[in-house]
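2 protein chains.
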Amino acid sequence: MTTIKPRKAVMEMESYSPPLEGRRGMLRLDFNENTVGCSPKVLEALKNIKEEEIAAYPEYSKFKSKLAENLNVSADKLMVTNATDEAIMVIIQTYVEAGEEVIIPVPTFAMFKFYAQLAGAKIKEVPYSSNLSFPTKKVIDSINKKTKLIILCNPNNPTGSLIERKDVIKVIEKAQKCDCLVLLDEAYYQYSGLECLDLVDRYDNLIVIRTFSKVYGMGGLRLGYAVSNPEIIKNMLKAGSPYSVNTMAMYAASVGIDDDNYVRWYVEEVKQAKKLLYNALAKMKIKAYPSTANFLIAKFPKRSKEIEDKLKEKGILVRDRSSYPLLKDCLRIGVGTVKQTEQLISAIKEII
Amino acid sequence: MTTIKPRKAVMEMESYSPPLEGRRGMLRLDFNENTVGCSPKVLEALKNIKEEEIAAYPEYSKFKSKLAENLNVSADKLMVTNATDEAIMVIIQTYVEAGEEVIIPVPTFAMFKFYAQLAGAKIKEVPYSSNLSFPTKKVIDSINKKTKLIILCNPNNPTGSLIERKDVIKVIEKAQKCDCLVLLDEAYYQYSGLECLDLVDRYDNLIVIRTFSKVYGMGGLRLGYAVSNPEIIKNMLKAGSPYSVNTMAMYAASVGIDDDNYVRWYVEEVKQAKKLLYNALAKMKIKAYPSTANFLIAKFPKRSKEIEDKLKEKGILVRDRSSYPLLKDCLRIGVGTVKQTEQLISAIKEII
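Top line first, the protein sequences correspond to chains B and U. Numbering-wise, the first sequence is residues 1 to 352 according to the working numbering. Numbering-wise, the second sequence is residues 1001 to 1352 according to the working numbering.
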């Protein structure tokens, strides 16, 4: 046992070990991934990668230009990151001093709190409404001069709740008055159809982050990005690693963003499958909350862990979220294709 | 202009923007990379990657077991990281509170200071000796009860200086008496032939980090690792991202570590080429410092930037290091194959 102690913030942190192992070959409805994988064109392109791309340090400018064009923003408003995890970390490392206040509406994605804790921030959690809708007024009222950052996830993970555009704006405007940044995670915006990227030009306190891990089917490659005004991006670039994003990820994403038919097809497929799932759950008298994402929260009184385990035995992975605020007895269930969803529904029927 | 200011540490930091762009197709002697790329077996294996590996979040346990076996350590002493950059960052984030002291012998790899500054640490730089040898006594004398971390790079980048094993031990033992951690970066140990990984079992304050970006020829993939005692690794894992390393990198490295003949061949090639380069520089009356790595420091009085530029015009990249402490007028020149080195020597002859 060494006598050298970690930082106080690290000692006080909760561990976060998502169940990442042994998922291959299963129907993966547990991490909100694209369940059929990336575009076939991406896979094909990866097979043509050249030796020099593996050996040399990554170059970013070409990919950044392409992504910027695709997003219709200038490249100086863009930072590519080692998935959105790094974006969250860099934003907090750049702007949040130890002891400053970060507001997080909960339940939400665990890494927000993780990085805020790591930075030694004071975390103020604002609970979602009991029907899992976004608590606009409570959030706005919680922002004050002490707040440095507020984190929104839209649609929210794990609830699937949508924050309407007008409510996003209300939060940004209140935050602006308080010299407070807004981090808006749009990991699943393709499913909800609502995006607020354009607000970056209207408000100087907004940072939007997005990922290639979800609808693009590239979770294994680790690529995300942040969009904000050039001043904030410049500061983030100053505090971020100059070579955290790998070349393969950019290569894949570059092909992926050209194949938007594939993403559109998958989003439509998920929408149909989600309807099917809601209907089936209703018939089984299982309460399910409204979701605008590719997953939903369903309630299995006293049986969430059991159902998770039994589905796993049948080769289907879902995520028990019963320990989260407001989500007692709840599973988060991912939505894949219609065919996969039929398989899921049969499995649930057999179990209950 | 937003009125929201970054953290004090970020405002006070120096920017670090390595010249990563436009290097493809050139003879890359500027980032200490393997100049012929990864093992052909690695490239072949990457072409067989499956869709699921791209889509699903990375799984670490299998690769960690394999790497641990290869290193002859148990897996609980190992953390894989998004190249050694992330290892450095996580070590500092886990252990160094703002205001605590970090000792860095200089000149050395820029990212050590970068992450120490980002953490708001108090940085004590100890200069190498004027002949660029490791200043053992000065370093040992600089460690005291206020020191939290000392960072060694062996062999050192950019000087190529070796820290002898007995001196590494002296530093570790003094540090241990002061409850101070030692971070030992062995990015280039294959070239020097000296490794101190086994000392992790003898001293509870040592963390060794290594990379697949250099001799393995995988700089584009971003993979490194840290080895320490299980307690330190556990704390680092607690503070690190649970999914920062991409699947392709592990897939490639898994094949790479099996093909150790390739690494041995390349190291031998570099050794021959380095002899050639030293001889040629001596004939040209260019002062070069002793190096145990795959690069060396050479002095071009008042012409370092000019030589860098002119070599670039000839398609050869080297790195002007004249702004670094002790390295006035100096270039860091990478050593590749014998053939590449002959090309380099001809180019230098033509220019001077």
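The hints are simulated quantities; they were obtained by calculation from the structure and are not laboratory data. There could be a bad hint or two in this list.
Straight-line alpha carbon distances no greater than 20 Å define the calculated EDC-like cross-link-like pairs of lysine to aspartate or glutamate that follow [unchecked claim]:
1) B:Lys5 with U:Glu1195
2) U:Lys1166 with U:Glu1195
3) B:Lys5 with U:Glu1101
4) B:Lys50 with U:Glu1044
5) B:Lys238 with U:Glu1021
6) B:Lys238 with U:Glu1014
7) U:Lys1008 with B:Glu125
8) U:Lys1234 with B:Glu12
9) U:Lys1312 with B:Glu97
10) U:Lys1077 with U:Glu1101
11) U:Lys1008 with B:Glu59
12) B:Lys314 with U:Glu1052
13) U:Lys1339 with B:Glu21
14) B:Lys137 with B:Glu164
15) B:Lys312 with U:Glu1052
16) B:Lys339 with U:Glu1044
17) U:Lys1234 with B:Asp179
Residues from chain U that keep clear of chain B, each with C-beta distances beyond 10 Å, as calculated [said to hold, decoys possible]:
18) Lys1283
19) Gln1343
20) Ile1351
Every residue, glycine too, gets a C-beta built ideally from N, C-alpha and C.
Evaluated hints:
no.	hint	verdict
1	B:Lys5 with U:Glu1195	26 Å, violated
2	U:Lys1166 with U:Glu1195	12 Å, holds
3	B:Lys5 with U:Glu1101	14 Å, holds
4	B:Lys50 with U:Glu1044	10 Å, holds
5	B:Lys238 with U:Glu1021	17 Å, holds
6	B:Lys238 with U:Glu1014	8 Å, holds
7	U:Lys1008 with B:Glu125	26 Å, violated
8	U:Lys1234 with B:Glu12	14 Å, holds
9	U:Lys1312 with B:Glu97	42 Å, violated
10	U:Lys1077 with U:Glu1101	25 Å, violated
11	U:Lys1008 with B:Glu59	29 Å, violated
12	B:Lys314 with U:Glu1052	19 Å, holds
13	U:Lys1339 with B:Glu21	45 Å, violated
14	B:Lys137 with B:Glu164	13 Å, holds
15	B:Lys312 with U:Glu1052	18 Å, holds
16	B:Lys339 with U:Glu1044	34 Å, violated
17	U:Lys1234 with B:Asp179	37 Å, violated
18	Lys1283	31 Å, holds
19	Gln1343	17 Å, holds
20	Ile1351	24 Å, holds
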